[in-house]
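Participant: The whole structure should be built from the sequences, with the hints applied where relevant.
Here's the letter readout for the chains.
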Amino acid sequence: MNHAHGIFCGVIPPFVHEHMAVHGDDRTRRNALAALSLDTTVRAERLIVDLTAAGVAAQATAHKERAVHTADNTGALPGTLVRSEGDPSTGDPAVDEAYDGLGATFDLLQEVFGRNSLDDAGMPLISTVHYQDKYNNAAWDGRQMIFGDGDGQYFNRFTAAVDVIGHELAHGVTTHESDLLYMHQSGALNEHFSDVIGAMVKQYVAVPRQTAEKADWIIGAELLTSAVNGVGLRSMKAPGTAFDDPVLGKDPQPDHMSRYVETLSDNGGVHINSGIPNRAFHLAATGLGGCTWEKSGRIWYAAMRDPELRRLRGTARFEDFARLTLEHAAALYGPAERAVVEDAWQQVGVTAGTVPAAEQVADVWVLHYSWGCTDSSTRAVLTFHQDGSFSGDLAGKWHRQDGTLLLSFDDGPAQYAGTLVGDVATGAMSTFAGADGCWHLIRRGAAGIVGN
Amino acid sequence: MARVRYHVEGGFAFFPGLAAERVFETEALPEPQRDELLDLFETVRAHRLSSTGPMAPGGAADQQTYVIEVQESSDVRRIVVDEFDQDPAARELVARVRECAERCGPATP
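Line by line, the protein sequences give chains F and P. Each residue of the first sequence is one higher than the last, beginning at 408 in the working numbering. Each residue of the second sequence is one higher than the last, beginning at 15 in the working numbering.
Since the hints were derived computationally from the structure, they do not count as laboratory data.
Only some residues are given here: those of chain P computed to face chain F with a beta carbon under 10 angstroms:
id, residue
1, His-21
2, Glu-23
3, Gly-25
4, Asp-76
5, Gln-78
6, Thr-79
7, Arg-105
Beta carbons are placed, not taken as given, at the ideal position from N, Cα and C, and that holds for glycine.
Facilitator: Below is the structure:
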């Protein structure tokens, strides 16, 4: 799967063709799509699908809107505005690094993924530098980025590392996509995706741009002072080896599922166990070859945007995300790429979760339904069979597509549609004497359900 | 006499050396400061118990939190303050505890 690549990761990277397909006139678009189709037909088809009117409109209007503030070493947020979009350099390194880093990340998101800012709707990029005094951190508060100057003893200013800026911005992307809960494995996946985007930004702005093979895969390489025995905050290539210092301690990141750290600290180890998927991404990126934004980054981005991940949200585990990356690797590129990604996850001890729909749903369930959505409901015990039928108090057919469950009944025209998550499905129904209704379905014996 | 435990969680990265718990005895403080610190702790705690105010915006990440415990005999009271908490009393409490933790030195086990 490895290909020989020049330092520019191919003569004309696929994202250039995709950019042309999105932004060019009709002839340019046709030529670009033709070029893409020579690369991978599936991807070209996907791009055509993406070229909906809404998608093109959003990308055509995409523009950066950066606003960098200073807290003047206080805790004020957002502080005083010191550089807006288009303003010249200020001469303050923290301000200008933040401005450039925001721009670099915006450009990567737009040029590679066709994304219009964090929310894909042109959200302004707001940041504050010089937060507090000797503040050793960078964070995303749900609305903006916040950067400290570091204590100067162990940490430099946090804007010095462009991957840190990309990392923080990626939290905004995650918020607007899967919204992964920030604890335990879902939180570690949240952190992982931020490191993926951070690393991609770093490799994208490097001169010349870096291949996965050439990159150092260190997050925050510029942040530690010479007083620290370490090369950065994390290593995606070799988790657990970034620092080993008398003051900071030893890098606690595991590189394999067998060394997963069970802890209540750090929101359940979100910055610790992210080492496992981080290494999987590094292995996939180097296995697929070229630059991360050519294949591996696109697979991971698609998996992060998958509606299934949002449905899982707080219960998402590494194996769930791994499964989604396999599905998107196959859909975007093909079986060879899927095999590379699967091998990457296997090397870190994560087996992609594969739960056939029939096995998951085939069970005894209790249906509660109410025409008119009133407080009173009728109860029916149904047995779902693997052949797509159900029997019991009522009989009919069921169909599951991803997280959506559809029911139809043998003795009437009622149509049920809803969302299935774990042991519970909820939804709406229609076509009973002209009325609509509500329903929920609970797997018999599910926790918390009495009397089933 | 009370024992105060304090540690920082979260942040952009996890550094075991910086996550270590700091402990000091309020007895090491001059009486006015000791009383002020404990009063401030109770004020912030009471405010949190009764608060129905807006929560921090969703989707936050990489934030540090300050975990402060006060132990008097067998009674242990604990509060957690997010680093971007805009409650002035909570910010003042964190600043004072941090200062004390560095100035007062470790408590005897």
